[in-house]
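Chains as they are written, first to last, in the working numbering: chain A, 206 to 664; chain B, 9 to 301; chain C, 6 to 317.
The hints are all genuine.
A few chain A residues that face chain C, going by a derived Cβ cut-off under 8 Å, partial list only:
1) GLY272
2) LEU273
3) ARG279
4) TRP284
5) ARG347
6) PRO360
7) TYR452
8) LEU602
9) GLN605
10) VAL607
11) PRO608
Rather than coming from a laboratory, the hints here were simulated on the basis of the structure.
Idealized CB from N, CA, C, for every residue including glycine.
Read off the chains here:
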Amino acid sequence: MNLVWKIKPRKPNKYYNVENNNPISRDRIINDLVPKRFGKRGMIWTSILIIFCLAGAYAYYRQLTQGLVVTNMRDYVSWGIYISNFVFFVAISLVGSLITAILRLADVHWSTPLTRIAEIIAVSAIVFASLIIIVDMGRPERFMNLFLHGRLQSPIIWDVTVISTYFLISLFLLYLPLLPDLKILILHRKPSVNKFHKLYVFLGSFWKGHKDQFRINDKSINILCVMIIPVAFCIHTVTSWLFATTYRPGWDSTNFGAYFISGAFLVGAGAVVVAMYVFRRYYKLEKYITELHFEKMGKIVVMLGLLYLYFNINEYLIPAFKMKKAEEEHLRELFSGSYAIMFWFAIFVGMLIPIFILITKKGRKPLPMFIAGIMVVVGAWFKRYLIVTPTLLHPFLPMQNVPESYKHYFPSWEEWAIAIGSLAGALLIITFFVRILPIIPIYETIIEQNEESQKDHSL
Amino acid sequence: MKKAKKTIRYSLLLVLVISILMPNIVDAQDASDGTPILKLQYFNINNSVQYLLLESSTKKNKVFLAQKNISYKVYLDSVSSGNFISEVKTNESGKAKMFIPPNLKSIWDKSSTHLFIVMKGDEQVSSDYSITKARLEIDTATIDDIKNISVKIFKDDNGKLIAAPDIEMKVGIKRLVGILSGGDEETYTSDSTGLVTVPFTKINMPGDSLGNLILIAKIEDNEILGNIIVEKKASWGVPTVAGEDFFSKRELWSTRFRSPYWLLFMAYAIIIGVYSTLIYLILQLIKTIKIGK
Amino acid sequence: MSLNNNENNNSRRNFLFGGIAATTAVLTGCLDNSHPFHTEESIALTGEKVKLLSVNGDVIEIDRAFLKPVPDLPTLTNDEERKGIAGKKFVMVIDLARCKNLRKCQSACNHMHQVHPGQNWIKVLGMEDSIHSAPYWQPTTCMHCDEPPCVKVCPVDATFKRQDGIVLIDSDRCIGCRFCMAACPYSTRVFNWEEPQLDPQVAEQHYSCESSMPQKKGTVGKCDFCPDMSRKGELPHCVQACPNGVFMFGDLNEDSVTNGSETFRFSDLIKDKAGYRLMEDLGTKPSVYYLPPVNRNFPYESGLENQTKETK
Numbered sequence: 206m207n208l209v210w211k212i213k214p215r216k217p218n219k220y221y222n223v224e225n226n227n228p229i230s231r232d233r234i235i236n237d238l239v240p241k242r243f244g245k246r247g248m249i250w251t252s253i254l255i256i257f258c259l260a261g262a263y264a265y266y267r268q269l270t271q272g273l274v275v276t277n278m279r280d281y282v283s284w285g286i287y288i289s290n291f292v293f294f295v296a297i298s299l300v301g302s303l304i305t306a307i308l309r310l311a312d313v314h315w316s317t318p319l320t321r322i323a324e325i326i327a328v329s330a331i332v333f334a335s336l337i338i339i340v341d342m343g344r345p346e347r348f349m350n351l352f353l354h355g356r357l358q359s360p361i362i363w364d365v366t367v368i369s370t371y372f373l374i375s376l377f378l379l380y381l382p383l384l385p386d387l388k389i390l391i392l393h394r395k396p397s398v399n400k401f402h403k404l405y406v407f408l409g410s411f412w413k414g415h416k417d418q419f420r421i422n423d424k425s426i427n428i429l430c431v432m433i434i435p436v437a438f439c440i441h442t443v444t445s446w447l448f449a450t451t452y453r454p455g456w457d458s459t460n461f462g463a464y465f466i467s468g469a470f471l472v473g474a475g476a477v478v479v480a481m482y483v484f485r486r487y488y489k490l491e492k493y494i495t496e497l498h499f500e501k502m503g504k505i506v507v508m509l510g511l512l513y514l515y516f517n518i519n520e521y522l523i524p525a526f527k528m529k530k531a532e533e534e535h536l537r538e539l540f541s542g543s544y545a546i547m548f549w550f551a552i553f554v555g556m557l558i559p560i561f562i563l564i565t566k567k568g569r570k571p572l573p574m575f576i577a578g579i580m581v582v583v584g585a586w587f588k589r590y591l592i593v594t595p596t597l598l599h600p601f602l603p604m605q606n607v608p609e610s611y612k613h614y615f616p617s618w619e620e621w622a623i624a625i626g627s628l629a630g631a632l633l634i635i636t637f638f639v640r641i642l643p644i645i646p647i648y649e650t651i652i653e654q655n656e657e658s659q660k661d662h663s664l
Numbered sequence: 009m010k011k012a013k014k015t016i017r018y019s020l021l022l023v024l025v026i027s028i029l030m031p032n033i034v035d036a037q038d039a040s041d042g043t044p045i046l047k048l049q050y051f052n053i054n055n056s057v058q059y060l061l062l063e064s065s066t067k068k069n070k071v072f073l074a075q076k077n078i079s080y081k082v083y084l085d086s087v088s089s090g091n092f093i094s095e096v097k098t099n100e101s102g103k104a105k106m107f108i109p110p111n112l113k114s115i116w117d118k119s120s121t122h123l124f125i126v127m128k129g130d131e132q133v134s135s136d137y138s139i140t141k142a143r144l145e146i147d148t149a150t151i152d153d154i155k156n157i158s159v160k161i162f163k164d165d166n167g168k169l170i171a172a173p174d175i176e177m178k179v180g181i182k183r184l185v186g187i188l189s190g191g192d193e194e195t196y197t198s199d200s201t202g203l204v205t206v207p208f209t210k211i212n213m214p215g216d217s218l219g220n221l222i223l224i225a226k227i228e229d230n231e232i233l234g235n236i237i238v239e240k241k242a243s244w245g246v247p248t249v250a251g252e253d254f255f256s257k258r259e260l261w262s263t264r265f266r267s268p269y270w271l272l273f274m275a276y277a278i279i280i281g282v283y284s285t286l287i288y289l290i291l292q293l294i295k296t297i298k299i300g301k
Numbered sequence: 006m007s008l009n010n011n012e013n014n015n016s017r018r019n020f021l022f023g024g025i026a027a028t029t030a031v032l033t034g035c036l037d038n039s040h041p042f043h044t045e046e047s048i049a050l051t052g053e054k055v056k057l058l059s060v061n062g063d064v065i066e067i068d069r070a071f072l073k074p075v076p077d078l079p080t081l082t083n084d085e086e087r088k089g090i091a092g093k094k095f096v097m098v099i100d101l102a103r104c105k106n107l108r109k110c111q112s113a114c115n116h117m118h119q120v121h122p123g124q125n126w127i128k129v130l131g132m133e134d135s136i137h138s139a140p141y142w143q144p145t146t147c148m149h150c151d152e153p154p155c156v157k158v159c160p161v162d163a164t165f166k167r168q169d170g171i172v173l174i175d176s177d178r179c180i181g182c183r184f185c186m187a188a189c190p191y192s193t194r195v196f197n198w199e200e201p202q203l204d205p206q207v208a209e210q211h212y213s214c215e216s217s218m219p220q221k222k223g224t225v226g227k228c229d230f231c232p233d234m235s236r237k238g239e240l241p242h243c244v245q246a247c248p249n250g251v252f253m254f255g256d257l258n259e260d261s262v263t264n265g266s267e268t269f270r271f272s273d274l275i276k277d278k279a280g281y282r283l284m285e286d287l288g289t290k291p292s293v294y295y296l297p298p299v300n301r302n303f304p305y306e307s308g309l310e311n312q313t314k315e316t317k
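With the rest of the complex left out, here is chain A (with noise of 0.2 Å):
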């Protein structure tokens, strides 16, 4: 706990400074950040994402009543893109430790406006990798046996525990620097957030701006960003160690648990990337979200990227030299065989060109960040369904003695369909989230940009 009194007290970003030389005023300030109604193309997108989490819900409604016989896991690959969606998930969940816990602890004050956009990714991934797990569950209505019945020695166990309280913990670290700004929400008062009024006074009406309501809230923070980055850590490990407790070729490995971590690092900040452009856009803040932010984030990214890649050669050459029996199959189908095509996008898309692309100064500007940012994150996808399902299709004895179709694995419209539907969801609760609170923290930004206000605790 000493590391938490060590940390020093926030100072203004010089950085954001040099590239502003006019500070921005404070009425300003909360003009542009105060949430938006949506635009035309707002409803469209609201729409769009509404559609397709409904398309889920039906598949799974169906799936529901006949039993899992509506997804085109068999025996063999009794886990699919449910499992590889809930790792993806998780994975991308991680940013929010990155960007919010380790660049504050680092001292790193620049990303002051990319923590929300962090937090708010990893509290809806969260969400609904807990949802698609249950959606996995051959007996959903069972759910309860876990507590009833939870047995430690199960990895599941660990993983349900460590996701409810990165998930707690994940949505203190979204709450507590939300309060002064819920003040600023409260006494703002436009038609835009009007209807929300009642809402900002439920979460937000006992911040008087006090003193020591500053303080204890700081402190908060603080021992939460020390806090969350081993239960951040401890998510995506126990995540690998659903697979590596095993002894399935591909996921029988000590390597799992840093290099899930690895990957996941690389996604989220992907991810956090392509939300920083599109936020850019859409709501014109290019003031917020310059383009340093962007030169910032993009070596982080391939800062990452070679990292992944490292625990990647790591994960791949080792057995490949050795090319164990059970290993055999399994490998020559991941570099060559039916898997190839699959494997080579997840390894270029999802990290060598996106790293090729950041690496040079130009790469680094906002369009093609965001491009290389989508690349990080559909590869990732990819990346994660090639975990999951070649393993299982090359089990230690051969299959035998069952139909045909339960020795291949291609999703079925259900699998699809309830899959996009919680990426749409999670798309949806951050939609939501940024039509209702600021994305980008008001009150932090104005004390960054006013280093005078700094003390005028009366907000």
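Start from chain A and add chains B and C according to the hints.
Then chains B and C, alone, in the frame of chain A:
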């Protein structure tokens, strides 16, 4: 060469004829409920309890199907009310069991060979199953440090017991479902004096907690004597101590009530550490709320 | 004592049964197969006696429960089913030299457990370890490991290991996460992807972990070593069904296994025929032993005709 060709031609013809006939045969079987098969067995346990086991099934396309819920009447020696043994109904596996009632004592004692007649309704479905009363004895003998199981088989001959030669039986140790031969042979046959001597070769067999083995001699499906089983306890085994530590084992595969201590310690240390911090933070939040009010 | 005949007439009693010790043995012998567990507490006694005539023409009394071909066993509680049979350690030996891929084991098992069409709890795999090694047929059941990877990962104790060595599934507990299927290196577990197609009579039956019946949608199933059959004093369905005596089942604590017609001393059999277990290197410690396919009773090819029967 020519002969071979001819053979092939004939065999082809045969195949053709069979394949034409086959569907008809199969049809014929399908039309009926298959061939009914009734199996009656007599059991004599330790020369005391005796019973009859009836097994009813049908054979259809090489598959045996148990005949459930069928009533049979069984008679001793002849079909008359004085010779009635029992009326039974087969269970779901097509079996029925019956004892010989005490009121047939005079008939039972009268003869050394008895006939069992099975009636299904008014039809005699089995009338040729007969057994001769017998006595099987098992004993242990140690001669020159060699352990032997000696088994004697007698059959009733008008009230006298005489040796029964050439009777095949299993002699050994009673085990789960089966009998483990006490010697080196799978089965043994009685000699002219009705005697079987089995040198006991299964040394150090696990027995009960005192080292006792149950020795058993079993005559199975003998056409004269039926089924006879006799048992005897012998302290020829090695005492086995049942592994009582199973329910105290704390392994990763144990139940939730027996998690390994190291796991409990680690998990609870982490959970308590994290959640006490979270509770502290909630208290801090409450403090903040109080300040604001 | 269920074979209670005239308590005070001691001499007659001894004459009939050779003392109390033998009485239990008499009772256990009352079945067509001698029974391992039928001590009187394992049979649901009715308390009602029937009179019967003994071989010597004496009248004796016996509990009515023994009038059934297989006396009723008391209904077991879930707790008792989870504990297993005390003092037993079940083991199976599969003699690969005797297997010709007849798959009688499979069809009997599928029929008795009403396994979903297409799925099998027992698979007969055509194995060939490398290009130049000889192919052979390998019946594969659940290995009932002593270090079961599936049980380790189960989050809710739905699959568990019993004191008699059997690994069972409680379908009333299973949440259908399928972690056990991923964990099992022998790919022995199957999942009820849809509502199982059960006979109405079976569907109404009281669920028992020991019989694994009736199976339930959204839960995992697998070979259970038929402990319900063992309690009745019978061999598992696959052992009974195999005409070639490939499967041998028994109790390790008794050091013997039987296929119904032949009984072997387990330790001798494993020693003489160089028995082995599958994937010993994984440390799962299976309860199923294999005897290598040497001096085969059938050529590998004779089993090929059954291979085409693969359900589509």
